[in-house]
Amino acid sequence: MSIHASFRFTRTALFVAAALFAVGEAAVSH
Numbered sequence: 001m002s003i004h005a006s007f008r009f010t011r012t013a014l015f016v017a018a019a020l021f022a023v024g025e026a027a028v029s030h
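Residue numbers (the working numbering): 1 to 30.
Where hints are given, some of them may not hold.
Stated by the list, open to error - DEER-style ranges, computed between Cβ atoms: (1) His30 - Ser2: 36 to 44 Å; (2) Ala26 - Ser6: 29 to 37 Å; (3) Ala22 - Ser2: 40 to 48 Å; (4) Ile3 - His30: 40 to 48 Å; (5) Ser29 - Phe9: 29 to 37 Å; (6) Val23 - Ile3: 25 to 33 Å; (7) Thr10 - His30: 26 to 34 Å; (8) Phe7 - Ala27: 27 to 35 Å; (9) Glu25 - Ala5: 38 to 46 Å; (10) His4 - Gly24: 24 to 32 Å; (11) Val28 - Arg8: 29 to 37 Å.
Keep in mind the hints are simulated off the structure, nothing from the lab. Just so you know, even glycine gets a beta-carbon here, dropped at the ideal spot from N, CA and C.
Please construct the entire structure, taking both the sequences and the accompanying hints into account.
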């Protein structure tokens, strides 16, 4: 796995995690 591919995968994973966290927070607050 190249450095660029690993970086893209990590960035995508962090973005997905942040999105799920935001959705979870919204669900809990309501």
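Structure-based check of each hint:
1. His30 - Ser2: 36 to 44 Å: Holds, at about 42 Å.
2. Ala26 - Ser6: 29 to 37 Å: Given about 31 Å between the Cβ atoms, the range holds.
3. Ala22 - Ser2: 40 to 48 Å: With Cβ atoms ~30 Å apart, the hint is violated.
4. Ile3 - His30: 40 to 48 Å: holds (41 Å)
5. Ser29 - Phe9: 29 to 37 Å: holds (30 Å)
6. Val23 - Ile3: 25 to 33 Å: Since Val23 and Ile3 have Cβ atoms about 31 Å apart, the given range 25 to 33 Å holds.
7. Thr10 - His30: 26 to 34 Å: About 31 Å separates the Cβ atoms of Thr10 and His30, which means 26 to 34 Å holds.
8. Phe7 - Ala27: 27 to 35 Å: holds (31 Å)
9. Glu25 - Ala5: 38 to 46 Å: Distance hint for Glu25, Ala5 is violated at roughly 30 Å.
10. His4 - Gly24: 24 to 32 Å: holds (30 Å)
11. Val28 - Arg8: 29 to 37 Å: For Arg8 against Val28, whose Cβ atoms are near 30 Å apart, the range 29 to 37 Å holds.
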